[in-house]
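K.L.:
Chain by chain, the residues:
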Amino acid sequence: MKLNDTPDEIRPAVTDVGLTIAGKTYASRLLVGTGKYRDFDETRAAVDASGTDIVTVTIRRVNIGQHAHEPNLLDAVPPDRFTILPNTGGCFNAKDAVYTLQLARELLDGHPLCKLEVLGDEKTLFPNMPETLKAAEALVKDGFEVMVYCSDDPIQARILEDIGCVAVMPLASLIGSGMGILNPWNLSLIIEQARVPVIVDAGVGTASDAAIAMELGCDGVLMNTAIAHAREPVRMARAMRLAVQAGREAFLAGRMPRRFAASPSSPMAGRIA
Amino acid sequence: MVSVKIELNGAAHMLRAGRSLHDLIASLDLLGKRVAVAVNREVIPSPRWAGRVLQPDDRVEVVVAIGGG
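Chains as they are written, first to last, in our numbering: chain A, 1 to 273; chain B, 1001 to 1069.
Because the hints were derived from the structure by calculation, they are not lab data.
Incorrect hints may appear among the rest.
Facing chain B, a subset of chain A residues (Cβ under 10 Å, in silico) [stated by the list, open to error]:
| no. | residue |
| --- | --- |
| 1 | 72 |
| 2 | 100 |
| 3 | 222 |
Computed spacing ranges between beta-carbons, pair by pair [to be verified]:
| no. | chain 1 | residue 1 | chain 2 | residue 2 | range |
| --- | --- | --- | --- | --- | --- |
| 4 | A | 79 | B | 1009 | 21 to 27 Å |
| 5 | A | 184 | B | 1014 | 56 to 62 Å |
| 6 | A | 229 | B | 1051 | 43 to 49 Å |
| 7 | B | 1042 | A | 80 | 27 to 33 Å |
| 8 | A | 246 | B | 1045 | 40 to 46 Å |
| 9 | B | 1029 | A | 208 | 45 to 51 Å |
| 10 | B | 1042 | A | 195 | 31 to 37 Å |
A virtual CB, placed ideally from N, CA and C, is assigned to each residue, including glycine.
Could you put the whole structure together from the sequences, leaning on the hints where they help?
P.N.:
Here it is, written out as structure tokens:
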């Protein structure tokens, strides 16, 4: 037998079927943003290298008089190849967020999946939870499938689930900060109780952060700056794909228990001398 | 020639009286592009652009998808 031939009986018993959101299953557990890239070519190359199925985009006013012949993001990342997740980045109240997503739904031929984020202030970009809850309620009532950026508070996450959100997406640290997973214990509390996918949205800085999120049992990770602001974004996109896969496999495999004692890997019996 | 003043993406914009939303989008060279349009914060699907005659002080929003996270 060659070294790389794995006999069937020792292949992992649990095959990961993918990430199911609102009844649809996606092979990749990595979701990526499209901001902060040099140009659309780089955006597309990074999106491809990440292996993602779900790509988030922002809705903005057309630059009147300038935009007509500019390339369009949705030509670089076409909706027939990727699930486009419109977000409400830059909205600071429920009213603007709902309006933005109504426009997005029209732009994307009526598809209901969206990412709600209602920001609290420009310094922290922390979610404004009262406005987030208000917007979530209105959007769910209006037929949207709402994936929601939220604080890492298990009570807020539960309320959002009860409202009918299809995924809860707590921050791991501040948006764009790259500070990594700062409160794994809160994330664990949310994961433990959740009946919808839990996706870390914001804070991942490098591949190990993504792996840690997945090892905690998160269903997916959404990131933008960690890829776009890497020295080599396309290479980092690939690293993130591998990290999310590795973290998920490690979660399914079940890590060894931690113990504050050494345990030799070689048997003590039969030593020479 | 009578003209009306509307608000287009937050800025004043003049057009001839009786023009429809379809006329406006055509004049901006945006027909057939991936844009969404609202008037006075009500989303107007493209099949209804031609029937929506713009009135003075209408607030028109024309949006597009851009990069973001």
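K.L.:
Against which earlier hints does the structure fall short, listed by number upward?
P.N.:
No numbers; nothing is violated.
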